[in-house]
Amino acid sequence: MSSQKKRTFKIEAFKHRVEVDPKYAEKTWKVLEHAIHEIYNHNASGLSFEELYRNAYNMVLHKFGEKLYSGLVATMTWHLKEMSKSIESAQGGLFLEELNRQWADHNKALQMIRDILMYMDRTFVPSSHKTPVHELGLNLWRDNIIHSSKIQTRLVSTLLELIQKERTGEVINRGLMRNITKMLMDLGSLVYQENFEKPFLEVSANFYSCESQQFIESCDCGEYLNKAERRLNEEMERVSQYLDAKTEPKITHVVETEMIANHMQRLVYMESSGLVSMLVDDKYDDLSRMYSLFRRVPDGLSTIRDVMTSHLRETGKQLVTDPDKLRDPVDFVQRLLNEKDKHDRIITAAFNNDKTFQNALNSSFEYFINLNSRSPEFISLYVDDKLRKGLKGVSEEDVEIVLDKVMMLFRYLQEKDVFEKYYKQHLAKRLLSGKTVSDDAERSLIVKLKTECGYQFTSKLEGMFTDMKTSQDTMQGFYASQSASDGADGPSLAVQVLTTGSWPTQPIAPCNLPPEIMGVCERFRAFYLGTHTGRRLTWQTNMGTADLKATFAKNQKHELNVSTYQMCILMLFNSSDRLTYREIEQATDIPASDLKRCLQSLACVKGKNVLGKDPMGKDIAEDDAFAVNDKFSSKFFKVKIGTVAAQKESEPEKQETRQRVEEDRKPQIEAAIVRIMKSRRVLDHNNIVTEVTKQLQARFLPNPVVIKKRIESLIEREFLERDKVDRKLYRYLA
Amino acid sequence: MKAATMCEFSRQEFIGGLQSLGVDTIQKFREKIPSLRAELKDDQKFREIYNFAFGWAKEKGQKSLSLETAIGMWQLLFAEKHWPLVDHWCDFLQVRHNKSITRDTWSQLLEFAKTIVPQLSNYDAEGAWPYLIDEFVEYLYENGIVRRIN
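Taken in order, these protein sequences are the chains called R and V.
Count the first sequence with numbering that gives the first Met the number 0 and you get residues 0 to 733, in order.
Count the second sequence with numbering that gives the first Met the number 0 and you get residues 0 to 149, in order.
Take the hints with a grain of salt, since some may be wrong.
[To be verified] Here are the simulated BS3-like cross-link-like pairs (lysine-lysine), alpha carbons at most 27 Å apart as the crow flies:
no., chain 1, residue 1, chain 2, residue 2
1, R, 653, R, 428
2, R, 388, R, 404
3, V, 44, R, 723
4, R, 447, R, 428
5, R, 423, R, 324
6, R, 723, V, 113
7, R, 708, V, 62
8, R, 727, V, 44
9, R, 723, V, 62
10, R, 447, R, 354
11, V, 98, R, 708
Note that these hints are calculated values from the structure, not bench results.
Just chain R, same shape as in the assembly (with noise of 0.2 Å):
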C-alpha cells in the first residue's frame, strides 16, 4: 500500500542530442543541386526520390529552408540562361521547335523538382511569403526567355508570320502554334496578351483593312459578302484550332470592324448588286448573309431595314400612283398582294422572321397604300370580283386564305368608313343579281371584318342577308297565295323586300312601270302588306332587272336580260314604232343621267343594240329618235343589256360618295367629343384632338379642322363652352 503522493508526473520528451554538421546545410544542398543538374540534363533516372526527398525535408527541418530557397532560384536561373541561349542559336523555321522543346523539359523538369521539394513547398513557402515553386519555374522561365531581349520579338514576330501565310493560304505547323500560345497562357493571360494577342489583332486589323479595301474595289456585294464569311469563319477556326478562346471575341470584333461595320454603305448601296437589286431579284441566300454578317455590328440590321423600307415605300408609291396601273382596280390589288407576298418570302427565308423587319414591312405598306385615296374602293372591287367569279372552284381553304390577305390589305387601310361604304354596295349588287360565287365565303369574310372592327361595322351588312332570306320566304308564300288564274300569262315577278337603313339605296321615285307590270306588282304590294300592316313598300326601279321575250326581223327570237328602267324604254315599242328621247323621258319619268346611259347601251353598244338611234352617234340630244333595230342580230339567244356587275366609279359617283362619307364622320366625330368631355369635364382643345383621334383612329383619321368645327356646332349648340379665363379650355354643360 503506498500513500498518495502528491506528486505531478511529468514526461519529458527524450532529448536527442544531434550533432549538427555545421557543414551538413552545405552538404545537403551540394546534394539536391547535383540532382536538379542532372534532371535538366536528362539523368533524372539515376536518382533517389526518397532520399532526395528526406533531404530537402531535413534542410527545411533544421532551418535551412532559405538557403534551399535560394539556392533553387540560382540553379534555375543558370540553366535557363543555357537554354536561352540554345533557342537564340536556333535557325529560322527551327526556333520555335526548339523553344517548344526547351519549355516541355523545363515542364518536366519542374514537376520533378517540386515534388522533391514539396515539404518546403508547404511549410517554408507559405511562412515566409515566398512564391511557391512551380509558379516560381513558370515565373523564372519568363523572365529568362520569354522576356529575353533576343527572344521576345523574334517569338512575336514569328508566330505573326506563319499566321499571315496560312492567311495567304500555306498550311503550317498547328500543333506546335498550339503549344506556343498555351505556354504563354500558362504563364500569365497578361504574358500572352502583351506577347502575342496584342500584336495579333493589331497586325490582323492592318490586314483586314487592306484586303477589306481590295475586295471592295473588285467585287460586287454578293461576292464580298462571300469572301468576308468565309474570312471570319477562318478566324474563329484559327482559334479553335491553336488560339485562346478569350481571343475569338477580339479578333472577330476586329474582322467585323474592317471587313463588314466600315464598308456598310458603300455594300448596301453598290449600284446592281446591293441590297436593293438583291431584294427586287430575291437572292435569298445573299440577303441571308448579310442579314447574319450585318447582324454582328452595330447599326448593321437597322441599316438594312431602313433601305429596305425606303425602296418599299418609293416601289409601293409608284405603284399606287402611276396612272397606268390604276386602270383596273383587280389588278391593282393582285400587285399590292403579290408585293406583300415577295417580302413576306424574304423576312421569312433570308431575315430569320425578324420582327422589326415585319414592322418595317407592315409600316411602308400602311404609308402607301394610303397615299392613294381610292385604295378602299380598289380593295372592295377587288373582294367583288372574287366572290363574283375569282374564287369559282376554289377548295375552302384556298379561299379562306385569299380572304385573310384581303383582311391584311383591309388593317391597312386609314379610311376603314370609305371601305365599308363601298363594300356595301358591291355586296348589294351581288346580292340583288345573284351573283356570288360562295355564300359561305361571303359570310366568313363578314365574320372576319367583325372580329376586327366590331358588331357594329357589320351589322347592317348581316342585316342585308337576312332580308335576302326572308324574301324568299315571302316569294314563297305569295305564291302559294296566288290562284292559278291570277296572271297565268302575265309576267312572273320576283321580290327582294329590303330594309331601309341596312340598304346603301338612295330613296328614289318609282318611274312609270308598264301597265302588264303594274298588275302583278299590286298584288304583291296587297299580298305584303296584308301579313304586315303599318310597314311602307317602295319600288325601287333602279335596281331590278327584267327578261323580255324580243322578237326581230325574220322571226329571230332573243331573250334579252335588262334593268327595269331598260325594259319600262322597251316596253314603250309595243306600241309605238319611233320616240323621241323627250317622248321617252315623259312616258317613263326615269331620271335623266340615268335614262341616257341606259339609252346608250340600248341603242350605242355594238353586239347589244336592239334599238337603233338617229342621228347615229354616242351622244344623247333631246330630239334624238329611237326605233327597235329589226336588223339586230346576236349568236347568242340570251343577250345581256344590262350593267349591274360593280365598277370603279367615275368622277362625279367618287365624288358623291366622299361627300357622303365626309357627312357622316361628321356625327361620328361629334359624339366622341361628347363622350369625351361628358367624362373630363374640363379639356384643352388639343388634348380633345388627340383623343378623339384615338377614338376614331379604327374607322378613319379625323381631320383636325373638321374636329374643331364641330367643337364649335357643339357650343354654338350650348354643349360646350369656353372657359372664360383660359379660352383654350372647354367646359362641358350638363
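Dock chain V against chain R, hints included.
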C-alpha cells in the same frame, strides 16, 4: 345698356338710363358725353359693351347675327377702339364666308384683335381659335397682306 332693342328706346328705358348716369338736365347730359366716350377706352368696359352688342344687334329669335349687321357693328366699335385689320376682316367675310356670325366667333374676335399683333407674329395655329379666324389668317397670307414668317 339696358335697352332691349337696337335703335329703339322705350320711354322707361330712356329715363332709367339717364337716371343711372346721374343726369337730369341737357347740360349735364352734354357734359357726360366725353366721359362716356372715355369709358370706352377702358378695356374691361369695352369688352362688356362689345359682347352686349352681339345680343342686342341680332334679330329676335335668331341665334346668330346676320353678316351685314355684324359688319356694321364692327365698323362702329373698332372706330373707337382701333384695330388695323378690321377692314380686311370685313372683306374676307364677304368674299369667303357669306353666312351669319355665331356668338363664339363674335367674342373670340375681340380676343384676337386684342392679343394678336397685326403682323401675326404671335399667332399660334394651335391656339384653339375659331376656324373662321384660322381661315382669315390664311386669307391674309394668301393675299400678301401679311408676310408669312418662317
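With the threshold set at 27 Å, check whether the alpha-carbon distance from residue 98 (chain V) to residue 708 (chain R) stays at or below it.
holds (15 Å)
Given the hinted pair residue 423 (chain R) and residue 324 (chain R), is their alpha-carbon gap at most 27 Å?
Since the Cα atoms of residue 423 (chain R) and residue 324 (chain R) sit roughly 25 Å apart, the hinted pair holds (cutoff 27 Å).
Decide if the proposed pair is consistent with the structure: residue 447 (chain R) and residue 354 (chain R), CA atoms, cutoff 27 Å inclusive.
holds (24 Å)
Between the alpha carbons of residue 44 (chain V) and residue 723 (chain R), is the straight-line distance 27 Å or under?
holds (16 Å)
Decide if the proposed pair is consistent with the structure: residue 653 (chain R) and residue 428 (chain R), CA atoms, cutoff 27 Å inclusive.
Satisfied, since the Cα-Cα distance of roughly 17 Å is no more than 27 Å.
Tell me if the straight-line CA distance from residue 727 (chain R) to residue 44 (chain V) falls inside 27 Å.
holds (23 Å)
Would you mind confirming whether the straight-line C-alpha gap from residue 708 (chain R) to residue 62 (chain V) stays at or under 27 Å?
holds (17 Å)
With a cut-off of 27 Å on the C-alpha distance, tell me whether residue 723 (chain R) and residue 62 (chain V) pass.
holds (20 Å)
Under the criterion that the straight-line Cα-Cα distance not exceed 27 Å, is the pair residue 447 (chain R), residue 428 (chain R) satisfied?
Satisfied, since the Cα-Cα distance of roughly 21 Å is no more than 27 Å.
Check whether the Cα positions of residue 388 (chain R) and residue 404 (chain R) lie no farther apart than 27 Å.
holds (17 Å)
Need the status of pair residue 723 (chain R), residue 113 (chain V): alpha-carbon distance at most 27 Å?
holds (16 Å)
In this structure, none of the earlier numbered hints is contradicted; all agree with it.
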